[in-house]
Amino acid sequence: MARNAASILYYVSHQRGYMMPIISRGFSGRRSAAGATLPPGQYLTTDFPVLSAGPTSHILLDRWEFSIDDGSNLLKRWDWKSFRELPTEIITADLHCVIRWSKLGTSWEGVSLDVLLANVKADLPYAMFRSYGDYTTNLPLEDLMNKQAWVAFKYDGTDLGPEHGGPERLLVPHLYLWKSAKWVKGITLMPHHKPGFWEDFGYHIYGDPWQEQRYSEE
Amino acid sequence: MTWRTATVVGLHDETATARTLALAVRDWPGHVAGQHIDMRLTAPDGYSAVRSYSIASAPSADGRIEITVEGLPNGEVSPYLTQEIMVGDELELRGTIGGWFVWQSDQTEPVQVVAGGSGIVPLMAMIRSHRSADRSAAFRLLYSVREPAKVFTTMNCRQYQIKATQ
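Protein sequence lines correspond, in order, to chains A and B.
In terms of our numbering, the first sequence opens at residue 551 and continues consecutively.
In terms of our numbering, the second sequence opens at residue 941 and continues consecutively.
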């Protein structure tokens, strides 16, 4: 009886063009307790893997600057000294990388984008982040406001190392980690969404891990 | 990006812990050397796990690809792929993914690549693609492993003119 039901289901689903998942003989998998707190398709790691699209940038602090523009006009600019005089926050965040590892409860210190974007009166709802080394990534402005994004310069109580984006990186923990650009040096505000580096190579324009928005076709 | 059925058509041990899976993929769209795929395993109760694996083989038109998997002692998926899977088993995969770290067969400039351990897999695809394209420009690999026994056997043959130092 059960077998008949299964074969009918199989027949119906194939008629509709829907593919039943193939059962992997002998595979049981591991359902960890952390599974409930992870976005779909992620697994837990306690390491801090390093992935970069190019060489690690080494930026001298006396040459460092961070600027905000609207594509034609410079709106704001900080050197390292004035950036570090801005109010900072301690952030505890879960990180979700699109290549499927998640790291929970990481500790950071940084300046919130609320502070950096305060009094910027540009009616431009999208942002392109620019990094040393020419990496870019795009984000809607509303994802940067209300304590959702920071420019972080400390990880786990110590200065952020260059392999993790030091001297500072963007931290937008509610989106996949490629959005948290390393070695970030500025923001260009834009009227429309425009794909950044990985978004141009087929990764999702928005990248919500809880919706599993990994690639542009899904 | 749709999930496709792949049948295991060959298995080859690269080291005591790493294994190459040759897969025949239904309606495979083809790939560029350096790209990777997502592979999905599903348990009988419907639980599934997905992992990304680099393609080790050069692009070809026959719908076959190879992936090389390093079995991690406490891994959820890799021990299954390196120890359990058998020729004739079916898997699901989708791709290809990644368009940045690739080598196109019409590239003519000399290349130096650097790999550690199983990180060589996407570079194996590039090296094999370079060979089959018969390019005259140099393609050099610096390959680091923790011990000589960890060199993948596919890479440990005379055709690649390996110079070993310890």
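These aren't lab readings, by the way, just hints derived from the structure by calculation.
For each residue, glycine too, the CB sits at the ideal point set by N, CA and C.
Check the hints yourself; a few may be wrong.
[Stated by the list, open to error] Taking CB as the label site, the calculated pair distances span: (1) B:Gly970 / A:Glu713: 30 to 36 Å; (2) B:Ser1076 / A:Leu624: 17 to 23 Å; (3) B:Arg966 / A:Leu601: 27 to 33 Å; (4) B:Arg966 / A:Glu767: 15 to 21 Å.
We went through each hint and held it up to the structure:
{"no.": "1", "hint": "B:Gly970 / A:Glu713: 30 to 36 Å", "verdict": "holds (34 Å)"}
{"no.": "2", "hint": "B:Ser1076 / A:Leu624: 17 to 23 Å", "verdict": "violated (49 Å)"}
{"no.": "3", "hint": "B:Arg966 / A:Leu601: 27 to 33 Å", "verdict": "holds (31 Å)"}
{"no.": "4", "hint": "B:Arg966 / A:Glu767: 15 to 21 Å", "verdict": "holds (18 Å)"}
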